[in-house]
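Undergrad: Using the sequences and the hints, build the whole thing.
Listed below, chain by chain, are the residues.
2 protein chains.
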Amino acid sequence: MKMFEVRVLDLEFESQTIVMNESDAEELHVGLGSRVKVTVDGREAIANTSFSSFLVARGEIGVCRSLVKLLGVSGGEQATLEVMTPPLALEYVRKKMKGEELSYNEIFAIIQSIAKEELSSAEITAFVLAQYFKGMSDREIEALTISMAESGEKLRFKEKTYDKHSVGGVPGNKVSLLIVPIIAASGLLIPKTSSKAITSPSGTADTMEVLAPVTFTIDEFREIVERVGGAIVWGGGLNIAPVDDIIIRVEHPLMIDPLPQMIASILAKKLAVGVNNMVLDIPIGRGCKAQSKEDAEKLAAKFLKIGGKLGINIQCGITYGGQPVGYTVGPTLEAKEALEALMGRGPMSLVEKATALAGILLEMGERAEIGQGHVVAKDILRNGKALLKMREIIEAQGGDPHVKPDDLPVGEHVATIKAENDGYVVDVDNEAVKLIARAAGAPTDKGAGIILRFKRGYKVSKGDVLMEIHSENERRLSKAVELALSLIPVRVEGMLLGRVLRDNAL
Amino acid sequence: MKMFEVRVLDLEFESQTIVMNESDAEELHVGLGSRVKVTVDGREAIANTSFSSFLVARGEIGVCRSLVKLLGVSGGEQATLEVMTPPLALEYVRKKMKGEELSYNEIFAIIQSIAKEELSSAEITAFVLAQYFKGMSDREIEALTISMAESGEKLRFKEKTYDKHSVGGVPGNKVSLLIVPIIAASGLLIPKTSSKAITSPSGTADTMEVLAPVTFTIDEFREIVERVGGAIVWGGGLNIAPVDDIIIRVEHPLMIDPLPQMIASILAKKLAVGVNNMVLDIPIGRGCKAQSKEDAEKLAAKFLKIGGKLGINIQCGITYGGQPVGYTVGPTLEAKEALEALMGRGPMSLVEKATALAGILLEMGERAEIGQGHVVAKDILRNGKALLKMREIIEAQGGDPHVKPDDLPVGEHVATIKAENDGYVVDVDNEAVKLIARAAGAPTDKGAGIILRFKRGYKVSKGDVLMEIHSENERRLSKAVELALSLIPVRVEGMLLGRVLRDNAL
Numbered sequence: 466m467k468m469f470e471v472r473v474l475d476l477e478f479e480s481q482t483i484v485m486n487e488s489d490a491e492e493l494h495v496g497l498g499s500r501v502k503v504t505v506d507g508r509e510a511i512a513n514t515s516f517s518s519f520l521v522a523r524g525e526i527g528v529c530r531s532l533v534k535l536l537g538v539s540g541g542e543q544a545t546l547e548v549m550t551p552p553l554a555l556e557y558v559r560k561k562m563k564g565e566e567l568s569y570n571e572i573f574a575i576i577q578s579i580a581k582e583e584l585s586s587a588e589i590t591a592f593v594l595a596q597y598f599k600g601m602s603d604r605e606i607e608a609l610t611i612s613m614a615e616s617g618e619k620l621r622f623k624e625k626t627y628d629k630h631s632v633g634g635v636p637g638n639k640v641s642l643l644i645v646p647i648i649a650a651s652g653l654l655i656p657k658t659s660s661k662a663i664t665s666p667s668g669t670a671d672t673m674e675v676l677a678p679v680t681f682t683i684d685e686f687r688e689i690v691e692r693v694g695g696a697i698v699w700g701g702g703l704n705i706a707p708v709d710d711i712i713i714r715v716e717h718p719l720m721i722d723p724l725p726q727m728i729a730s731i732l733a734k735k736l737a738v739g740v741n742n743m744v745l746d747i748p749i750g751r752g753c754k755a756q757s758k759e760d761a762e763k764l765a766a767k768f769l770k771i772g773g774k775l776g777i778n779i780q781c782g783i784t785y786g787g788q789p790v791g792y793t794v795g796p797t798l799e800a801k802e803a804l805e806a807l808m809g810r811g812p813m814s815l816v817e818k819a820t821a822l823a824g825i826l827l828e829m830g831e832r833a834e835i836g837q838g839h840v841v842a843k844d845i846l847r848n849g850k851a852l853l854k855m856r857e858i859i860e861a862q863g864g865d866p867h868v869k870p871d872d873l874p875v876g877e878h879v880a881t882i883k884a885e886n887d888g889y890v891v892d893v894d895n896e897a898v899k900l901i902a903r904a905a906g907a908p909t910d911k912g913a914g915i916i917l918r919f920k921r922g923y924k925v926s927k928g929d930v931l932m933e934i935h936s937e938n939e940r941r942l943s944k945a946v947e948l949a950l951s952l953i954p955v956r957v958e959g960m961l962l963g964r965v966l967r968d969n970a971l
Numbered sequence: 466m467k468m469f470e471v472r473v474l475d476l477e478f479e480s481q482t483i484v485m486n487e488s489d490a491e492e493l494h495v496g497l498g499s500r501v502k503v504t505v506d507g508r509e510a511i512a513n514t515s516f517s518s519f520l521v522a523r524g525e526i527g528v529c530r531s532l533v534k535l536l537g538v539s540g541g542e543q544a545t546l547e548v549m550t551p552p553l554a555l556e557y558v559r560k561k562m563k564g565e566e567l568s569y570n571e572i573f574a575i576i577q578s579i580a581k582e583e584l585s586s587a588e589i590t591a592f593v594l595a596q597y598f599k600g601m602s603d604r605e606i607e608a609l610t611i612s613m614a615e616s617g618e619k620l621r622f623k624e625k626t627y628d629k630h631s632v633g634g635v636p637g638n639k640v641s642l643l644i645v646p647i648i649a650a651s652g653l654l655i656p657k658t659s660s661k662a663i664t665s666p667s668g669t670a671d672t673m674e675v676l677a678p679v680t681f682t683i684d685e686f687r688e689i690v691e692r693v694g695g696a697i698v699w700g701g702g703l704n705i706a707p708v709d710d711i712i713i714r715v716e717h718p719l720m721i722d723p724l725p726q727m728i729a730s731i732l733a734k735k736l737a738v739g740v741n742n743m744v745l746d747i748p749i750g751r752g753c754k755a756q757s758k759e760d761a762e763k764l765a766a767k768f769l770k771i772g773g774k775l776g777i778n779i780q781c782g783i784t785y786g787g788q789p790v791g792y793t794v795g796p797t798l799e800a801k802e803a804l805e806a807l808m809g810r811g812p813m814s815l816v817e818k819a820t821a822l823a824g825i826l827l828e829m830g831e832r833a834e835i836g837q838g839h840v841v842a843k844d845i846l847r848n849g850k851a852l853l854k855m856r857e858i859i860e861a862q863g864g865d866p867h868v869k870p871d872d873l874p875v876g877e878h879v880a881t882i883k884a885e886n887d888g889y890v891v892d893v894d895n896e897a898v899k900l901i902a903r904a905a906g907a908p909t910d911k912g913a914g915i916i917l918r919f920k921r922g923y924k925v926s927k928g929d930v931l932m933e934i935h936s937e938n939e940r941r942l943s944k945a946v947e948l949a950l951s952l953i954p955v956r957v958e959g960m961l962l963g964r965v966l967r968d969n970a971l
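So the protein lines, in turn, are chains A and B.
The first sequence begins at 466 in my numbering and counts up by one.
The second sequence begins at 466 in my numbering and counts up by one.
Careful, some of the hints might be misleading.
In silico DSS-like pairs for lysine-lysine, Cα to Cα no more than 27 Å straight-line [stated by the list, open to error]:
1) Lys774(B) with Lys623(B)
2) Lys619(B) with Lys774(B)
3) Lys623(A) with Lys850(A)
4) Lys563(A) with Lys599(B)
5) Lys763(A) with Lys599(B)
6) Lys560(B) with Lys754(A)
7) Lys563(A) with Lys754(B)
8) Lys754(A) with Lys599(B)
9) Lys534(B) with Lys502(B)
Worth flagging that the hints you see were computed from the coordinates, not collected in a lab.
TA: Rendered as structure tokens:
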């Protein structure tokens with residue numbers, strides 16, 4: 466077998482890539498874009514092939530940065546190349562495309578192949594779309610969940626663990642920053658992993674990151690949770706169920722999230738970190754996963770069933786998701802509001818939702834009588850124990866435990882949107898709020914976001930400020946304002962929704 | 466807007482790629498793998514982003530070879546970058562995924578976006594899979610065909626044109642090398658574009674390439690056809706319906722070819738080169754598109770209907786596809802057999818099929834009375850006019866017009882597979898034949914392939930040679946032989962299909 470000398474290239478690609486000399490490629494019948502297995506000292510990696518005529522000489526292969534890590538090379542090593550035949554997993558993907566049920570081993574093989582980058586993004590898309598069009602049985606979802614959990618790091622705690630998760634869709638949903646310290650303060654373990662925003666203005670990990678670092682190894686995470694009872698860290702940093710991140714990357718442009726994949730995505734991460742009990746928040750409303758109570762109940766039943774088979778005891782809380790939770794949207798603004806709430810000055814919509822969900826966990830963990838969880842959760846919040854626990858968690862994660870809401874800087878560039886007439890607020894549009902906050906710079910610019918001054922049902926007078934937009938940058942602020950004027954995020958009864966400037970009948 | 470200096474990189478990727486300095490990328494919020502629009506002097510191209518820390522300095526962008534051509538740069542130019550927002554076409558793909566019917570304009574936008582590389586291979590996969598799972602109306606297929614034809618070069622002849630196409634699946638199908646000269650010899654124009662093999666051991670373009678070059682520009686192609694009445698060229702070289710090639714690349718690993726895409730793929734290329742009349746060969750048999758006569762008739766009806774709307778007059782010939790056509794498989798072996806047939810020494814299965822299909826075209830072109838086409842085609846073949854015309858075509862395409870079958874060198878490494886007992890041949894397996902010929906090196910190694918000594922219904926005696934395998938390379942020959950011994954491509958009645966060496970019951 467022909468040997469190649471490894472040459473390290475100062476290049477980084479979205480997927481693993483090697484550069485071959487094109488004469489070598491021609492001689493060996495390797496086509497542009499072919500998938501090859503590179504082997505160096507027994508370590509293997511799969512890569513796409515690109516060509517060069519001079520940059521990489523004959524007998525050399527150039528390897529990109531991520532491959533350098535994976536193969537542990539520094540240049541000069543001897544490597545062998547092998548053109549990949551299509552993995553067996555591709556056959557199983559085609560089987561699923563035909564609508565057939567896959568076995569545990571077949572699903573496991575697909576997930577393993579995704580993890581090893583043996584499947585291209587187009588092939589992964591085919592797998593996700595087969596789920597989208599053909600659905601999956603409960604047994605398949607179970608296999609998918611276990612396989613994804615097995616694709617990365619795993620954790621087991623000695624004590625029982627508790628967790629909260631939301632299926633998402635509602636902006637301003639900073640409830641985890643209240644629920645985690647309430648539960649930890651009650652003496653239960655809550656190892657909360659959360660995500661960074663993909664399409665929303667702030668994920669829980671983005672919001673927490675304003676108060677403390679969120680990127681830890683799995684061992685650091687375990688240590689923090691065991692020491693202070695809880696943590697709020699970024700799941701993406703822990704290498705748990707890493708295949709899920711790869712799958713999300715292909716789902717995102719297509720805006721699909723097939724039910725089997727959504728359930729497996731959530732439960733695989735819980736399984737990986739050893740969660741035994743979970744409350745699942747299912748908001749109902751426009752732009753949410755569930756549009757009606759019936760939808761939510763169906764979704765809940767599915768989660769309960771699959772969770773049960775996997776040994777995760779789940780209870781679902783169906784919540785109102787028709788407008789943002791609390792008044793703020795964007796990492797820093799949300800962190801401030803959560804901190805205010807822990808200090809006893811939070812808005813009702815935030816406090817009620819957080820304590821209701823925390824209450825369910827307290828009842829599951831026998832820290833409250835059945836029916837008393839909500840009250841006990843409010844007590845822990847009101848008597849300051851939750852705030853104290855949150856400061857411990859912040860400190861354990863390397864943040865400033867003495868942080869005050871006013872210490873947190875928000876975007877200096879501010880614009881206000883005012884009411885054009887008197888009336889009642891009839892709608893606050895989740896989608897519009899998300900788009901405007903993102904246009905202002907959230908979540909990348911932590912200080913960017915929105916403060917709502919009124920919510921549904923409030924009476925406003927002409928000229929009242931309906932919302933403030935904060936940005937770190939004048940250009941982004943202008944874009945956000947432009948969007949706010951066209952999308953009408955806060956709708957006041959009787960307001961003009963459009964103006965006909967002249968007769969269009971002609 | 467920030468300007469970048471263009472730096473030409475000696476790198477070639479499967480898709481358009483630029484390399485940015487990672488500090489620039491961070492500052493401008495450009496993620497790894499983001500799709501950006503690069504503009505230089507008003508010329509635009511879409512590319513994927515990769516990063517470098519030293520190879521490309523701040524303020525520079527590295528461009529790969531295919532972009533160098535597209536943008537017409539040589540280094541040192543000023544370029545601007547713009548992160549692409551998802552194209553509207555992606556919304557239409559999602560609409561199709563929901564099963565909605567797309568308008569002409571929506572399909573046109575999707576095809577344009579594929580042509581401009583605005584859609585990723587995963588997004589193109591989603592479009593093809595939406596067709597696979599949801600189907601397409603006749604109007605959608607029509608729009609798809611026109612849009613694909615519009616994506617590349619187009620040709621119009623002054624006279625009416627005739628063409629033959631096979632939906633494929635049968636190995637050894639060298640009939641076009643007989644049909645084109647028969648039709649051209651009758652005085653009709655036959656501008657035949659054909660494909661190179663993707664999964665088969667030899668496409669018509671691969672076989673013709675043994676006799677003459679097949680890669681031409683659209684103007685060279687027109688000139689040859691107008692001068693000698695016919696040509697057999699590689700469609701991929703003409704830049705006709707280039708989007709089809711992009712789509713085929715994503716279909717191939719998934720082994721799908723949804724009906725709407727298959728019809729549009731064939732008809733778009735015919736539309737592009739101005740074909741008015743076509744005979745479509747639909748073989749029936751294992752491994753073919755049609756499994757039964759009913760399947761074939763349904764497929765034919767669909768082609769006739771869509772063809773009619775597009776102004777292509779189609780007649781279908783349903784043919785037997787249960788075993789290879791003629792006795793040879795592989796580019797050179799097939800070219801030899803076609804030449805022998807033109808010289809009057811062809812096997813019946815080849816001659817009958819070719820003249821039957823040519824006969825339909827002769828009737829369509831009023832060169833034969835209805836019902837007499839087959840006879841007239843055989844006459845043109847027998848009286849040597851087809852051979853003479855073939856030599857003209859070979860010369861016009863730059864080959865040796867005096868070529869004799871024995872001039873064509875086949876693989877020197879030969880193995881034979883022999884009958885293990887007396888009996889009748891009950892099956893010659895198309896799929897096995899294809900796999901063995903490809904293992905021997907076809908179509909890349911022109912001289913590699915198979916000669917069948919017997920076909921279905923023949924009586925053989927123990928020790929008779931059933932097939933010869935030719936290869937240019939000892940290693941590939943061994944692999945092909947190994948495959949032949951396990952796949953049993955030629956099955957003799959009464960032969961042992963497996964041997965139980967000892968009792969498995971234990």
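Undergrad: Does each hint hold? Answer for all of them.
TA: Outcome of the hint check:
For the proposed pair Lys774(B) and Lys623(B), the alpha carbon gap of about 21 Å is at most 27 Å, so the pair holds. At most 27 Å may separate the alpha-carbon atoms for a hinted pair to count; Lys619(B) and Lys774(B) meet this at roughly 18 Å. Between Lys623(A) and Lys850(A) the alpha-carbon distance is near 24 Å, which keeps this suggested pair within the 27 Å criterion. The straight-line distance between the Cα atoms of Lys563(A) and Lys599(B) is roughly 13 Å, inside the 27 Å bound, and the hint therefore holds.
A threshold of 27 Å between alpha carbons decides the hint, and for Lys763(A) with Lys599(B) the separation of about 26 Å falls inside it, so the pair holds. Annotation: proposed proximity of Lys560(B) to Lys754(A) holds, straight-line Cα distance about 19 Å (limit 27 Å). The hinted pair formed by Lys563(A) and Lys754(B) meets the criterion: a straight-line CA distance of about 16 Å does not exceed 27 Å. As the CA atoms of Lys754(A) and Lys599(B) are separated by approximately 23 Å, the hinted pair is consistent with the 27 Å bound.
At roughly 15 Å between alpha-carbon atoms, Lys534(B) and Lys502(B) fall within 27 Å of each other, so this suggested pair holds.
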